[in-house]
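Peer 1: Sequence:
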Amino acid sequence: MTNIRVEAESLILTGYQAESGAFASGGGLICLPSDGTIGTVTHNFDLAPGTYDIVVGYYDENDGLSPYSLKQKSSNQDWVNLDSWVANKNLGDSRASAKNFVTRKISNINLTAGDQVQVQGQLHTGEVARIDYIEYIPISIIPASDTTAPTATATANDI
Numbered sequence: 001m002t003n004i005r006v007e008a009e010s011l012i013l014t015g016y017q018a019e020s021g022a023f024a025s026g027g028g029l030i031c032l033p034s035d036g037t038i039g040t041v042t043h044n045f046d047l048a049p050g051t052y053d054i055v056v057g058y059y060d061e062n063d064g065l066s067p068y069s070l071k072q073k074s075s076n077q078d079w080v081n082l083d084s085w086v087a088n089k090n091l092g093d094s095r096a097s098a099k100n101f102v103t104r105k106i107s108n109i110n111l112t113a114g115d116q117v118q119v120q121g122q123l124h125t126g127e128v129a130r131i132d133y134i135e136y137i138p139i140s141i142i143p144a145s146d147t148t149a150p151t152a153t154a155t156a157n158d159i
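Heads up: the sequence shown begins at 1 in our numbering, then just goes up one per residue.
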């Protein structure tokens, strides 16, 4: 089972905008454009059903305290908050860079096709809640069921 990384800039963005950065996974990331803005990046989960660890790759700049949350929505249910955190490390840079790239891991999340996974960020002061990717680490995958109809076969002994 291999990890599946989904670049944030390729997902459904609300309030966020894409920007480029050679230091970022895939050469791109997302950020919020103005102070106080709340944005979301949403992935319509289309991987094999099962239990996953989810890793959010983001940038913790030292010019603000952006709050983040990871949410899940299954069919016919409201959003469920899986984790919340604040980007509050002082990693020496007020702009996104390899020096202030960090990850947040949320463990043992059950997901099925059709679920939505969403990261919400909020711009605070100069910290624009940059996100690089969402990565899924398979823990246990539910095998696909065999939908092939059975076929009858006759042998000479059956006659």
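Hints listed in this document are in silico derivations from the structure and should not be mistaken for laboratory results. It is possible that part of the hints are untrue.
As the list claims (entries may be wrong) - As a list, the in silico DSS-like pairs of lysine-lysine whose alpha-carbon atoms are at most 27 Å apart:
id, residue 1, residue 2
1, K89, K99
2, K73, K105
3, K99, K73
4, K105, K71
5, K105, K89
Since this is a predicted model, take the numbers as computed values, not measurements.
Peer 1: Each hint needs a verdict: does it hold in this structure or not?
Peer 2: Against the structure, the hints:
1. Simply put, K89 and K99 have alpha-carbon atoms about 11 Å apart, close enough for the 27 Å limit, and the pair holds.
2. About 18 Å separates the Cα atoms of K73 and K105, which keeps this hinted pair within 27 Å; it holds.
3. With a C-alpha separation of about 33 Å, the suggested pair K99 and K73 falls outside the 27 Å cut-off, and the hint is violated.
4. Straight-line distance between C-alpha atoms of K105 and K71 comes to about 13 Å, which keeps the hinted pair within the 27 Å bound.
5. Annotation: proposed proximity of K105 to K89 holds, straight-line Cα distance about 16 Å (limit 27 Å).
Hint compliance for this structure: hint 3 is the single one not met.
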